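Here the protein sequences line up with chains A and B, keeping their order.
Here the first sequence is numbered in the numbering used here, starting from 1 and rising by one per residue.
Here the second sequence is numbered in the numbering used here, starting from 1001 and rising by one per residue.
Treat the hints as calculated values from the structure; they're not laboratory data.
Misleading hints may appear alongside valid ones.
Below, a list of computed lysine to aspartate or glutamate pairs in the DMTMM-like style, where the Cα atoms sit at most 25 angstroms apart [to be verified]: (1) B/K1301 with A/E239; (2) A/K99 with A/E63; (3) B/K1301 with A/E156; (4) B/K1122 with A/D66; (5) B/K1149 with A/D66; (6) B/K1295 with B/E1246; (7) B/K1122 with B/D1106; (8) A/K106 with A/E152; (9) A/K35 with A/E248; (10) B/K1067 with B/D1106; (11) B/K1149 with A/D70; (12) B/K1151 with A/E239; (13) A/K30 with A/D66; (14) B/K1149 with B/D1293; (15) B/K1067 with B/E1108; (16) A/K48 with A/E239; (17) A/K99 with B/E1304; (18) A/K99 with B/E1254; (19) A/K245 with B/E1171; (20) B/K1067 with B/E1027; (21) B/K1295 with A/E239; (22) B/K1288 with B/E1020; (23) A/K52 with A/E194; (24) A/K106 with B/E1317; (25) B/K1149 with B/E1304; (26) A/K99 with B/E1171; (27) B/K1122 with A/E152; (28) A/K35 with A/E194; (29) A/K99 with B/D1293; (30) A/K245 with B/D1237; (31) A/K99 with B/E1289; (32) B/K1151 with B/E1289; (33) B/K1288 with B/D1262; (34) A/K245 with B/E1228; (35) B/K1067 with B/E1289; (36) A/K30 with A/D72; (37) B/K1301 with B/E1171; (38) B/K1301 with A/E194.
As the structure is a computational prediction, the values presented were derived from the model and not from experiment.
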Amino acid sequence: MEPKATFVAISEASQEIKQPLIVTKNIAVKCPECKEILFEREYRRNLKVCPKCHYHFRLGAYERIDLLVDPDSFVEMDRHLVSSDPLRFVSQSQVYAEKLVEERQKAGINDAVVIGYATIEEKPLALGVMDFQFIGGSMGSVVGEKLTRAIELAIERRVPLLIVSASGGARMQEGLYSLMQMAKTSAALAKLSEMGLPYFSLLTNPTTGGVTASFSMLGDIIMAEPGGLICFAGPRVIEQFMHEKLPEGAASAEFLLQHGMIDLITPRHTLRQTLAQLLHFHSNVTSQRVGQEKVLSLWSRKALRVGSSVAA
Amino acid sequence: MNSVEYDLEFEQPLTELTEEIRLMRQEGGELENPIRLQEAQEKLHSRMQEIYANLDAWQTVQVARHKERPRATDYIHLIFDNFLELHGDRAFGDDPALIGGLATFDNETILVLGHQKGYGAKDQQFRNFGMPHPEGYRKAYRLMQMAGKFKFPIISLIDTPGAFPGLADEERGQAEAIASNLALMARLPVPIIAVVIGEGGSGGALGISVADRLLMLAHSVYTVAAPEAAASILWRDNAHAHHAAEAMRISAREVLATHIIDGLIPEPIGGAHRNPVLAASHLQTALKEHLADLKGYSPEKLIEMRYQKYRGIGHFEWIA
């Protein structure tokens, strides 16, 4: 089919698609919720959801993208952006500059978010997907910058936007630069909204702090995976201030639904369907189909993209 | 100079000098040896200047959190006229921790917003120590929308340890309340000036501080996380709060170096609490200047400049 072939051609040319880590050994994982032992293959086959109690394990950004988008449709952007340690931050347990190098090697990703452009059931969208593995998904300059670029891409291309959140909050090692990413991303989303373009927000386990208090909660439609911890303050802080233990299920996705804060709970195996449905519903407000010329022009723009080295 | 106690630990040398002067006076110093007394007073003054010109991050935190530090209402009454406080979010309640209202500034109507910490134990309890609930941010949202409608400039006085982290706040959507304010403020067609007058506590501060001009009083702080919280995570012990404060570079002077803020407002020597009237006067001058400048731009231009201001904040590089 023509459009598909186009995307395949571009993805081969891009050489930017990272394959999800394939574990060849047959290992087992233990469900933290029901303690059931799951074998690697069944756990993967079930989209890393416990078949017994439906506990949703964390997914890396590339895994998440793979699960959601049409095969070979994802074109990554700005993969090579990394943090530059603006505060020269050192704490008792770590030197931030060293931690960054360590995490890049360990997590196989350059910072806590992957952005780009893809299709779901042939409908185009811009994407930003966070990854908790990289310093707890914390938001610093790179996460803020990349998400803002994803939002600006959606504005430029007139396509819907999906942001998948997974975060322990703002990245303290970058001080006020991190806090200001809350304002930066929210400002870009306000612009997107003014242009009448839809933004779908998916909250995954965990989504907390300054991330929740900015782009995560600004979706036109907000979805959350079942059982996830989604909150502003975090259970430990809440308990400290309230001097009492939190009740079961407090600050969970279900709690948020009950209190009117989110639209939907989306079990992982229904996620792609739900997104396709949302894209279909909103197809009148966005570019209907992305013709070959449009996609190619995006690609050439990207290849030429120098970007600005932005010093605050 | 007001005679006040020197109650902060790093002011110890000043307490000693003050004590020396007191003894000199007692011994009839003024009559016997006026020069010696004058020298001692000058020494006190210059020592104070020296200390306050070189505060480190943790010392700045102490001044920013000082129990006598002027609150938002102090500045409102000293600087603006006809302040009329407005209440409620029209949905749930009225939050005393975050106040807002109309006032006159230079013959023009403005909207003033501010965190209010309270004076004395009872008032501090009532004000929840300046830690707003979602209804506080939603009150601000409603008032800011109104200001946008009527083209009133907005002046926001920031002084909070942070948004209140209660379970009930999660229920009422603390995160959503703050996020909505960030998005709204980004697109308001009026000049917005935010001034950190004490503690800029993270998201709780940011929730009314997305602005065209962001200013800080010289001994205020703006944090991504409270030093105690950062210390308990990255130093595994909140007793290391002073290290966290240093590492995160939270003092006004250090924030100025990042260019995230647009200016520092000088404080009377020894901190704003030594001379609130003078502090207010400095603040008033800065507000006048920035407001006059901002009024020169069309609403569209303002919004675009504000977007670029935040667009440009961040530090990153490329790897091969």
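Looking back at the numbered hints, which does the structure fail to meet, lowest number first?
-> 1, 4, 5, 6, 7, 8, 10, 11, 12, 15, 16, 17, 20, 21, 22, 23, 26, 27, 28, 29, 31, 35, 36 and 37
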